[in-house]
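Undergrad: Letter by letter, the chains look like this.
Number of protein chains: 2
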Amino acid sequence: MLDRFKVPEKDKIYISAEKISELTEKLFKSAGVSDEGARNSTNVLIGNDLRGVESHGVSNGLRLYLGRYSSDSYNPKPVIKVLRESPTTTTLDGDGAIGTEIGPMAMEMAIEKAEKHGMGAVSVTNTGHLAGCGYYPLQAVEKDMIGHCFTGSPGGQTLPTWGSEPILGTNPVAWAAPADKMPPFLFDVATTQVAANKIELTRRTGAKLLPGWIAKKDGTPILDEIETPQKGNYHLLPFGGTRENGSHKGFGLGMVGEIMSNILSGAGPGLTSNHQGSDFFAAYSIDAFTDVKKFKENMDLLLNRVVKSKPATNYERVVYAGYLENEEFIKRSKEGIPYHKEVIEWFENYSSELGIECNLR
Amino acid sequence: MLDRFKVPEKDKIYISAEKISELTEKLFKSAGVSDEGARNSTNVLIGNDLRGVESHGVSNGLRLYLGRYSSDSYNPKPVIKVLRESPTTTTLDGDGAIGTEIGPMAMEMAIEKAEKHGMGAVSVTNTGHLAGCGYYPLQAVEKDMIGHCFTGSPGGQTLPTWGSEPILGTNPVAWAAPADKMPPFLFDVATTQVAANKIELTRRTGAKLLPGWIAKKDGTPILDEIETPQKGNYHLLPFGGTRENGSHKGFGLGMVGEIMSNILSGAGPGLTSNHQGSDFFAAYSIDAFTDVKKFKENMDLLLNRVVKSKPATNYERVVYAGYLENEEFIKRSKEGIPYHKEVIEWFENYSSELGIECNLR
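Chains as they are written, first to last, in this note's numbering: chain A, 194 to 554; chain B, 194 to 554.
Treat the hints loosely; a few may be bogus.
The list treats identical chains as one, so a pair stands whether inside a single copy or across any two.
[As the list claims (entries may be wrong)] No more than 20 Å apart at the CA atoms, straight line, and that leaves these computed lysine to aspartate or glutamate pairs for EDC-like:
hint, residue 1, residue 2
1, LYS409, GLU509
2, LYS309, GLU278
3, LYS409, GLU358
It should be emphasised that the hints constitute simulated quantities derived from the structure, not laboratory data. Remember, predicted model here, so these are calculated numbers, not experimental data.
From just these sequences and the hints, can you work out the full model?
TA: Listed below in structure tokens is the structure:
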């Protein structure tokens, strides 16, 4: 993440991953979620926080999700059903489960299929927020596979190139692949210029938005650096920003995500169908294509070549997707995760209301 | 494509797809390529020209490819070998075949596997230029499947974000999906700001390059509109252009392409391995996931919603990936393909040298 999205130094409180995980799991269970469901969701959210992807960790997500359990938008006790199945594919009805509960299970199913048949994919419909796509492909990496994930949402956030009506969600996408000695490759991005959650983070950090990040209500890209407008007063742009700068590529990839999740799962277009979201999880067995050892050695060659390459003038180093996240993971695993003090105060107040012990600091 | 890449009106000569195909096939055969190989390569190149993707048609490609047959860089009589196979996957050694010959066969194999098992993927190593990725996924669309293709090259063209040493090729990627009444979705892009071939087209059309499209030799993005620099005096930028505008997303997707083609095929990183390129072709049976009729109806809903949405101020209409290409396909199928007069002159001269009849106009 760019520095402008990070928590300002003066507002940071460091909490160990163990402590925040333990409390997060308790809060999910307080909403009626099963032990496994609470563990899955906690692993996804704290996994994101550990990798420095706090836009998709507990800070923005948890209170929102708990509110959705309270309002019956999410089902804490889902009965997940298989809608269709082939040797390599499964389509699941998530019965209103949050994505972070069903996602790790779905990716596990895709991995099992890939172990048997070379590739596996699981499509999930009738499910809630996935908290980004980055966590799930890493499950495949643990098994020497390439992991991949698309997710679609109800839409209505992101403009098409040349358009003024927001149609897609931020439709994130991720791929991950293992290396031998180098940290794994993990490409995990929103198909918008900026994830919606990151725009919301700026309200807490006070950072400005850069030129070409969002558009006016009439679809015109805003090409100045601005304060974050009020919700409802702007639209998200697909990544690229303007057509001349390649926003048709961002919108096109967002459409691929929409098709592979909302359409392939049978849910229908996010904008015109009444559903909360759907996902696509895929695993590719490296062994089905080539020698795993050779693959990982070649990954090391590639990734090392990037990291050791000469930076552009005025830059310090060159990295690949997942490299900085891995550094952050190691650092935060040791030092704790830096949360904004308001987030910790929320945890304390919310736990106190429920009578749950909270000894974060 | 942006207007600046198109052939200027005064230089256009319209040739029917049949005539240019017939001659192109003859020229491939004159290089020793088999009937099937010549037909495959011709279908790919003229297919691109018909869709208006002339950056990847005969204009730039054919003389280059014929030169490579002459210099023994491409093998006109490849003996294609299966290196590894699983129920859903095959890895092929292309024996130096041009990508446009082996690509249509490889995608056909992926489709057959997807018909049997739900998904299929074919990885190809030791192969030449694929002429973009767009043609192949459309083969899957014909069979009511989702098609997908990555291709990797020898690299050394595209900078990483913050970098000054070009590492990746332009690593294009494509997905296609069928609709019912609407033209199919076809997302087909280079992971650079601009395809290398399009930069070369500007030398013929005289168009300028836009801000953020390429970088100086030290890695600094050029943020002015400029004449196309001489070959060797610039580097390509990943799409997004600058980090602030999301070039890490472009570079990350380029890396995914590199991993799924050059690394997964066993060829090794384009830049550090001595090979011409490798590819990844995948087909997903829609029927394995959901009802095909419902999928296509939902595609119509989505695609119609995009096309009928209100344009941004100062724009005339909103489209999705593949929509304009389909319009162009219909138009060019009727009116002929507009080639630059220099291209037609090359066809005439080259055919004459070989004693091949050429009655294009």
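Undergrad: All hints are to be evaluated individually against the structure, with a verdict given for each.
TA: Here is what the structure says about each hint:
1. LYS409 to GLU509: Between. Shortest inter-copy distance 17 Å satisfies the 20 Å Cα cut-off; intra-copy 35 Å does not.
2. LYS309 to GLU278: both (15 Å within a copy, 13 Å between copies)
3. LYS409 to GLU358: within (11 Å within a copy, 37 Å between copies)
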